Amino acid sequence: GAVVSQHPSWVICKSGTSVKIECRSLDFQATTMFWYRQFPKQSLMLMATSNEGSKATYEQGVEKDKFLINHASLTLSTLTVTSAHPEDSSFYICSARDLAGVTQYFGPGTRLTVL
Amino acid sequence: QKEVEQDPGPLSVPEGAIVSLNCTYSNSAFQYFMWYRQYSRKGPELLMYTYSSGNKEDGRFTAQVDKSSKYISLFIRDSQPSDSATYLCAMISGGGYSTLTFGKGTMLLVSP
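Taken in order, these protein sequences are the chains called R and A.
Residues 249 to 363, numbered by our numbering, are exactly what the first sequence covers, in order.
Residues 173 to 284, numbered by our numbering, are exactly what the second sequence covers, in order.
The reader is advised that the hints may include incorrect statements.
Claimed, not checked - Below, a list of computed lysine-lysine pairs in the DSS-like style, where the Cα atoms sit at most 25 Å apart:
{"id": "1", "chain 1": "A", "residue 1": "Lys214", "chain 2": "A", "residue 2": "Lys242"}
{"id": "2", "chain 1": "R", "residue 1": "Lys268", "chain 2": "A", "residue 2": "Lys214"}
{"id": "3", "chain 1": "A", "residue 1": "Lys228", "chain 2": "A", "residue 2": "Lys276"}
{"id": "4", "chain 1": "R", "residue 1": "Lys303", "chain 2": "R", "residue 2": "Lys262"}
{"id": "5", "chain 1": "R", "residue 1": "Lys289", "chain 2": "A", "residue 2": "Lys214"}
{"id": "6", "chain 1": "A", "residue 1": "Lys174", "chain 2": "A", "residue 2": "Lys242"}
{"id": "7", "chain 1": "A", "residue 1": "Lys239", "chain 2": "R", "residue 2": "Lys289"}
{"id": "8", "chain 1": "A", "residue 1": "Lys228", "chain 2": "R", "residue 2": "Lys262"}
{"id": "9", "chain 1": "R", "residue 1": "Lys268", "chain 2": "R", "residue 2": "Lys312"}
{"id": "10", "chain 1": "A", "residue 1": "Lys174", "chain 2": "R", "residue 2": "Lys289"}
{"id": "11", "chain 1": "A", "residue 1": "Lys239", "chain 2": "A", "residue 2": "Lys174"}
FYI, nobody ran anything at the bench for these hints, they're computed from the structure.
Bear in mind that the values here come from a model prediction, so they are computed numbers and not experimental data.
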């Protein structure tokens with residue numbers, strides 16, 4: 249149980265385009281989902297916390313207009329990287345917290361490369 | 173002082189060795205402690221979850237929490253090359269709006 253999927257797993261796009269990444273909790277409901285970014289050999293950096301039906305809470309230094317988060321249902325959250333630039337190239341990982349409110353389960357990650 | 177300290181390694185051991193991975197923390201409000209395993213280019217996988225102080229065992233893995241010392245450990249017995257990965261400790265206070273605080277991760281290399 250407790251499976252989180254992400255799609256796509258790998259995306260390459262041109263500079264200036266927008267990319268949408270989906271995160272789904274497959275066998276449990278998640279009122280809260282999280283989006284992380286990870287650079288090579290670095291730890292996870294929390295970008296934003298998303299609660300179903302409300303606006304996301306962004307961490308300091310994360311541009312909310314650039315990284316649009318939508319959490320429309322208890323099993324789906326999306327991250328849209330708008331007007332992507334090469335410096336946005338990174339590994340983006342989502343996680344979902346179960347209704348008990350403690351344990352987080354992570355998706356497999358999405359590798360974004362912006363040319 | 174960072175909230176969670178974890179030696180980044182790498183920690184290199186021969187197959188069959190007992191591995192000890194550790195984290196220290198400063199926030200006494202942390203109540204729940206987790207260990208995640210992350211393979212290269214993959215998302216973290218939850219290995220162990222412990223509430224408050226004590227030990228928890230699951231197969232070859234044992235998690236220990238000592239809240240008085242603010243110190244947590246993960247032991248891996250009979251380590252295998254497939255255990256080679258980065259191990260992240262994580263902790264949370266458990267409040268409704270609290271988020272996980274991660275260590276930086278320890279890279280473990282188990283050689284055949």
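Here's how the hints hold up against the structure:
Between Lys214/A and Lys242/A the alpha-carbon distance is near 29 Å, which puts this suggested pair outside the 25 Å criterion. Taking the CA atoms of Lys268/R and Lys214/A, the gap is near 19 Å; set against the 25 Å cutoff, the hint holds. Proximity of Lys228/A to Lys276/A is assessed by CA-CA distance (about 23 Å); at most 25 Å being required, the pair is judged to hold. This hinted pair does not check out: Lys303/R and Lys262/R have alpha carbons roughly 28 Å apart, beyond 25 Å.
A C-alpha spacing of about 12 Å is found between Lys289/R and Lys214/A, which places the hinted pair at or below 25 Å, so the restraint holds. Distance restraint check for Lys174/A and Lys242/A: the Cα-Cα separation of roughly 13 Å lies within the 25 Å cut-off, and the hinted pair is therefore satisfied. A hinted pair counts as satisfied when its Cα atoms are at most 25 Å apart, and Lys239/A with Lys289/R does not qualify at roughly 29 Å. Proximity of Lys228/A to Lys262/R is assessed by CA-CA distance (about 48 Å); at most 25 Å being required, the pair is judged violated.
Restraint check for Lys268/R and Lys312/R: satisfied, since their Cα atoms lie roughly 14 Å apart, inside the 25 Å limit. At most 25 Å may separate the alpha-carbon atoms for a hinted pair to count; Lys174/A and Lys289/R meet this at roughly 18 Å. Taken as a hint, the Lys239/A and Lys174/A pair is honoured in the structure, with Cα atoms around 17 Å apart against an allowance of 25 Å.
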